[in-house]
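K.L.:
Single-letter residue listing:
Protein chains: 2
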Amino acid sequence: MKHIHCLKCVKCGREYALDEVMYVCRDCGLDGTLDVIYDMNLVAVRLLRHIKTSNTVREPLSIRRYADLLPIQDERLLPPLHIGWTPLYDCHELGRKICHNSQTAYPPRLFIKDDGRNPTASLKDRASALAIVKARELGKTIITCASTGNAASSLAGLAASVGISTVIFVPETAPKAKVAQLLMYGARVLMVKGTYDQAYDLCLQASDTWGWYNRNSGYNPYLGEGKKTAALEICEQLGWKAPDKVFVAVGDGCIFGGVWKGFCDLYDLGLIDKRPQMIGVQAEGASPLADAFISGTAVQPQRKLHTIADSISVGQPRDALKALRAARHSQGALMTVTDDEILDAMRLLARNTGIFAEPAGATAFAGFQRMIQTGAMGEAESVVVMVTGNGLKDIDTAIRAAGNPTIIEPDFHDVERALCDDYPAK
Amino acid sequence: MKHIHCLKCVKCGREYALDEVMYVCRDCGLDGTLDVIYDMNLVAVRLLRHIKTSNTVREPLSIRRYADLLPIQDERLLPPLHIGWTPLYDCHELGRKICHNSQTAYPPRLFIKDDGRNPTASLKDRASALAIVKARELGKTIITCASTGNAASSLAGLAASVGISTVIFVPETAPKAKVAQLLMYGARVLMVKGTYDQAYDLCLQASDTWGWYNRNSGYNPYLGEGKKTAALEICEQLGWKAPDKVFVAVGDGCIFGGVWKGFCDLYDLGLIDKRPQMIGVQAEGASPLADAFISGTAVQPQRKLHTIADSISVGQPRDALKALRAARHSQGALMTVTDDEILDAMRLLARNTGIFAEPAGATAFAGFQRMIQTGAMGEAESVVVMVTGNGLKDIDTAIRAAGNPTIIEPDFHDVERALCDDYPAK
Numbered sequence: 001m002k003h004i005h006c007l008k009c010v011k012c013g014r015e016y017a018l019d020e021v022m023y024v025c026r027d028c029g030l031d032g033t034l035d036v037i038y039d040m041n042l043v044a045v046r047l048l049r050h051i052k053t054s055n056t057v058r059e060p061l062s063i064r065r066y067a068d069l070l071p072i073q074d075e076r077l078l079p080p081l082h083i084g085w086t087p088l089y090d091c092h093e094l095g096r097k098i099c100h101n102s103q104t105a106y107p108p109r110l111f112i113k114d115d116g117r118n119p120t121a122s123l124k125d126r127a128s129a130l131a132i133v134k135a136r137e138l139g140k141t142i143i144t145c146a147s148t149g150n151a152a153s154s155l156a157g158l159a160a161s162v163g164i165s166t167v168i169f170v171p172e173t174a175p176k177a178k179v180a181q182l183l184m185y186g187a188r189v190l191m192v193k194g195t196y197d198q199a200y201d202l203c204l205q206a207s208d209t210w211g212w213y214n215r216n217s218g219y220n221p222y223l224g225e226g227k228k229t230a231a232l233e234i235c236e237q238l239g240w241k242a243p244d245k246v247f248v249a250v251g252d253g254c255i256f257g258g259v260w261k262g263f264c265d266l267y268d269l270g271l272i273d274k275r276p277q278m279i280g281v282q283a284e285g286a287s288p289l290a291d292a293f294i295s296g297t298a299v300q301p302q303r304k305l306h307t308i309a310d311s312i313s314v315g316q317p318r319d320a321l322k323a324l325r326a327a328r329h330s331q332g333a334l335m336t337v338t339d340d341e342i343l344d345a346m347r348l349l350a351r352n353t354g355i356f357a358e359p360a361g362a363t364a365f366a367g368f369q370r371m372i373q374t375g376a377m378g379e380a381e382s383v384v385v386m387v388t389g390n391g392l393k394d395i396d397t398a399i400r401a402a403g404n405p406t407i408i409e410p411d412f413h414d415v416e417r418a419l420c421d422d423y424p425a426k
Numbered sequence: 001m002k003h004i005h006c007l008k009c010v011k012c013g014r015e016y017a018l019d020e021v022m023y024v025c026r027d028c029g030l031d032g033t034l035d036v037i038y039d040m041n042l043v044a045v046r047l048l049r050h051i052k053t054s055n056t057v058r059e060p061l062s063i064r065r066y067a068d069l070l071p072i073q074d075e076r077l078l079p080p081l082h083i084g085w086t087p088l089y090d091c092h093e094l095g096r097k098i099c100h101n102s103q104t105a106y107p108p109r110l111f112i113k114d115d116g117r118n119p120t121a122s123l124k125d126r127a128s129a130l131a132i133v134k135a136r137e138l139g140k141t142i143i144t145c146a147s148t149g150n151a152a153s154s155l156a157g158l159a160a161s162v163g164i165s166t167v168i169f170v171p172e173t174a175p176k177a178k179v180a181q182l183l184m185y186g187a188r189v190l191m192v193k194g195t196y197d198q199a200y201d202l203c204l205q206a207s208d209t210w211g212w213y214n215r216n217s218g219y220n221p222y223l224g225e226g227k228k229t230a231a232l233e234i235c236e237q238l239g240w241k242a243p244d245k246v247f248v249a250v251g252d253g254c255i256f257g258g259v260w261k262g263f264c265d266l267y268d269l270g271l272i273d274k275r276p277q278m279i280g281v282q283a284e285g286a287s288p289l290a291d292a293f294i295s296g297t298a299v300q301p302q303r304k305l306h307t308i309a310d311s312i313s314v315g316q317p318r319d320a321l322k323a324l325r326a327a328r329h330s331q332g333a334l335m336t337v338t339d340d341e342i343l344d345a346m347r348l349l350a351r352n353t354g355i356f357a358e359p360a361g362a363t364a365f366a367g368f369q370r371m372i373q374t375g376a377m378g379e380a381e382s383v384v385v386m387v388t389g390n391g392l393k394d395i396d397t398a399i400r401a402a403g404n405p406t407i408i409e410p411d412f413h414d415v416e417r418a419l420c421d422d423y424p425a426k
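Listed in order, the protein sequences are those of chains A and B.
In this text, residue positions in the first sequence follow the UniProt record's numbering: the first is 1, and each later residue adds one.
In this text, residue positions in the second sequence follow the UniProt record's numbering: the first is 1, and each later residue adds one.
Possibly wrong hints are sitting among the right ones.
Chain copies aren't distinguished; within one or between two, either way the pair holds.
Straight-line Cα separation of at most 20 angstroms, SDA-like style, residue types lysine to any residue; simulated pairs [claimed, not checked]:
(1) 261 <-> 15
(2) 241 <-> 267
(3) 97 <-> 241
(4) 176 <-> 142
(5) 176 <-> 106
(6) 97 <-> 333
(7) 176 <-> 343
(8) 11 <-> 30
(9) 193 <-> 409
(10) 11 <-> 40
(11) 261 <-> 419
(12) 193 <-> 271
(13) 8 <-> 400
(14) 8 <-> 30
(15) 241 <-> 270
(16) 304 <-> 416
(17) 2 <-> 422
(18) 241 <-> 302
(19) 261 <-> 338
(20) 2 <-> 80
(21) 304 <-> 37
(22) 97 <-> 204
(23) 176 <-> 400
(24) 176 <-> 268
(25) 241 <-> 296
Hints were generated in silico from the structure; no laboratory data involved.
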């Protein structure tokens, strides 16, 4: 894999050859997550050959289009499912609407990236795809991970498509839909009567014990490389331009750090001429990274978590250093929103754009709304809000946000009674 | 709209100008669903200009690419969401696997079209898009429909994206996830304590009473035109070739008839040199169309329905004539499968391809499997199986198919105990 220079510890900077280490820095342990560092001269030669040479859309329409900028040798090892190249919707109208009562004179040019359109309905497919490649390179036939739900269902689905087995650890709070996906894909599912953080530790121990390939966030160095493809797509979909701000929901910090890495790689390649401010959004009830960012202190693990946004309900963020680096290096921020703001964002998104997001999927949008309301948004900025998962993944919370139907007998008088206030008889 | 010749009754053949009738034939009433008949010379001039002129993928990557072959004047009236251009997966390996124990010497070349990847996670988005255009052409601000779930959630989502209101009638059997989608999209939802057929009748009465635009299957003549885009994509994705057989789940018969119409249109245009056999698959517990096809008699409405496949749980199929025509004219068939076969198909699909289908979404695949087992499949045929909806739409049935997770305490001894049979300690 000539185009990879090394793996580099995010904490101490120690560099490793690709075959020297599998997951984290030997000196720093779990804190020492690794960056994949490319030989950008070589990447540039390969990648630029394919880009900007055509007025029509170039194939393939998936993360495979960025194979030159991924740590893989043989793209045939990627799962056959179509991952990525999700829609980036122009939602300027909604941006204007939200600004209507705010201090902002020139509303943002709002784009929404709908990553709920991936094969297993979340952004995590981008990362799982890389884990599948790495496991296959190593000849592993079993992959394990701990997950609040999306990473696991993603891994299970993609692994099923290539005949690899999965053993999955989820906390008991994982929504039913995500667990159903896992079981349907044939994963062996252990539901831990405890938190995600406990499930995570058990999973590490299991992969050590049985020698399974491990796809845990903030541990496996290749996941962020998959997640960065969202940033590559955003820039390509904007005509090789970076937006001014990107809003991303943050749990472990792996998506947030990965997306930032994508912008950095494109910047290093000269394909974009600036990098966006990265705005990470956490739920108030699970906010160790936002707390650390705001206070300027080290990350304090949070024991008691309370948020409806299960995908980002993380008390001990495993990719803390990469997440904080993304916020700081990009002149961005980490912020929090309340569960009520998340529920409101879910409704507003669905009712104005037709995008049905799960709670964590709407959290970035809630952050965007709050920033507008507090007047912290610059004038006429171009903003990308990332929707990271589909609302069908957590139906109970959706119903909580949206209410219940009116139940009627199969009789037209009942219809008239139900609707008479809204729609008087003609 | 010069490229439309007329609307033509499927029963008596009477022709109408576009502005002469809104829904069904004046003489034949609800039985007289209408076909949209094009001036194919004009379509050919427009469409062929865009096709086969490029080696790269032409844009747009949605049903908009077929605007010349749709009954719309102004494609700006289509919803902004990316509808269609869903993946067609090469699943030859799975086809071979299923044939392994059968009489088939040369297994089929199996392709699976995953229409669960649409914006609201079902094929119905293709049809709802057309209803949105028609309502906007007429200046209607409210659209109504009755639906087992998918058509409704699709309509509600797409309508929300363009600021149109919806009033939706669903039977009480509609899965929770589909109802949650509706409510989240802001639809006014009336849940009828009765069947889909009763909800359908109430909806017709309501649209008559209040003058709302009606998007009911087998009533609105434009829905099939949206659904046919799946056939157009299949042929384009196969390099402008039609497969030998296409398997589609059948409830009202609107998707089945619409997909057949797509192949017929392409055949009339000379873009494909043959049309496939259309194989419609119904659940044994809701099979009026298959019964009529097999017995050669008229369709007998079925009062008692019992199937897990809610999307095709239809006792009084509203597009019966078009569905029967598709099976007969294509030298195809209508067949049934059991609920157990559907559950098995859901598991097999998910565990071999990573495609998680709802029960009705896996019904076509169950039909494909049964045809292999009964030896009725020709040798080395190319087969497309259509997955019409995502499994996240009906979690309870998925869990019924896939079982439950193993629940453990957050203690590694529990992990070892749970896994010791499958994975002995190293």
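K.L.:
State for each hint whether it applies.
P.N.:
Here is how each hint holds up against the structure:
1. In this assembly of identical chains, residue 261 and residue 15 lie within 20 angstroms of each other by CA distance solely inside one copy; the values are 17 angstroms within and 60 angstroms between copies.
2. Proximity of residue 241 to residue 267 under the C-alpha cut-off of 20 angstroms is restricted to the intra-copy arrangement: shortest distance 10 angstroms within a copy versus 43 angstroms between copies.
3. Proximity of residue 97 to residue 241 under the C-alpha cut-off of 20 angstroms is found in neither arrangement, the shortest distances being 25 angstroms within a copy and 46 angstroms between copies.
4. With identical chains, the CA atoms of residue 176 and residue 142 are never at most 20 angstroms apart, being 24 angstroms at best within one copy and 34 angstroms at best between copies.
5. Taking the shortest Cα distances, residue 176 and residue 106 never come within 20 angstroms of each other, neither inside one copy (42 angstroms) nor across copies (41 angstroms).
6. Taking identical chains as interchangeable, the C-alpha atoms of residue 97 and residue 333 are never at most 20 angstroms apart, the minima being 24 angstroms within one chain and 52 angstroms between chains.
7. Taking CA atoms no more than 20 angstroms apart as the test, residue 176 paired with residue 343 passes in both settings, with 19 angstroms inside one copy and 18 angstroms between copies.
8. For a Cα distance limit of 20 angstroms, the shortest separation of residue 11 from residue 30 inside one copy, 10 angstroms, qualifies, whereas the shortest one across copies, 70 angstroms, does not.
9. Within a single copy, residue 193 and residue 409 get their C-alpha atoms only as close as 42 angstroms, which misses the 20 angstroms cut-off; across copies the closest is 5 angstroms, which meets it.
10. In this assembly of identical chains, residue 11 and residue 40 lie within 20 angstroms of each other by CA distance neither inside one copy nor across copies; the values are 22 angstroms within and 66 angstroms between.
11. Neither within a single protomer nor between protomers do residue 261 and residue 419 lie at most 20 angstroms apart by alpha-carbon distance, with minima of 52 angstroms and 37 angstroms respectively.
12. Taking the shortest Cα distances, residue 193 and residue 271 never come within 20 angstroms of each other, neither inside one copy (47 angstroms) nor across copies (58 angstroms).
13. In this assembly of identical chains, the alpha carbons of residue 8 and residue 400 never lie at most 20 angstroms apart, being 44 angstroms within a copy and 46 angstroms across copies at closest.
14. In the homo-oligomer, the alpha carbons of residue 8 and residue 30 lie at most 20 angstroms apart inside one protomer (14 angstroms), although the nearest pairing across protomers, at 69 angstroms, exceeds that limit.
15. For the homomeric pair residue 241 and residue 270, the shortest alpha-carbon distance inside one copy (11 angstroms) is at most 20 angstroms, but the shortest distance between copies (42 angstroms) is not.
16. Taking CA atoms no more than 20 angstroms apart as the test, residue 304 paired with residue 416 passes in neither setting, with 49 angstroms inside one copy and 27 angstroms between copies.
17. Taking the closest pair of Cα atoms, residue 2 and residue 422 never come within 20 angstroms of each other, the shortest separation being 66 angstroms inside a single copy and 39 angstroms across copies.
18. Proximity of residue 241 and residue 302 under a CA criterion of 20 angstroms is satisfied in neither setting, with 38 angstroms inside one chain copy and 58 angstroms between copies.
19. In this homomeric assembly, residue 261 and residue 338 never come within 20 angstroms of each other (Cα to Cα): the closest approach is 28 angstroms inside a single copy and 50 angstroms across copies.
20. Proximity of residue 2 to residue 80 under the C-alpha cut-off of 20 angstroms is found in neither arrangement, the shortest distances being 25 angstroms within a copy and 42 angstroms between copies.
21. Neither within a single protomer nor between protomers do residue 304 and residue 37 lie at most 20 angstroms apart by alpha-carbon distance, with minima of 36 angstroms and 64 angstroms respectively.
22. Taking CA atoms no more than 20 angstroms apart as the test, residue 97 paired with residue 204 passes in neither setting, with 46 angstroms inside one copy and 35 angstroms between copies.
23. Taking identical chains as interchangeable, the C-alpha atoms of residue 176 and residue 400 lie at most 20 angstroms apart whether they share a chain (15 angstroms) or sit on different chains (12 angstroms).
24. For the homomeric pair residue 176 and residue 268, neither the shortest alpha-carbon distance inside one copy (42 angstroms) nor that between copies (48 angstroms) is at most 20 angstroms.
25. With identical chains, the CA atoms of residue 241 and residue 296 are never at most 20 angstroms apart, being 31 angstroms at best within one copy and 62 angstroms at best between copies.
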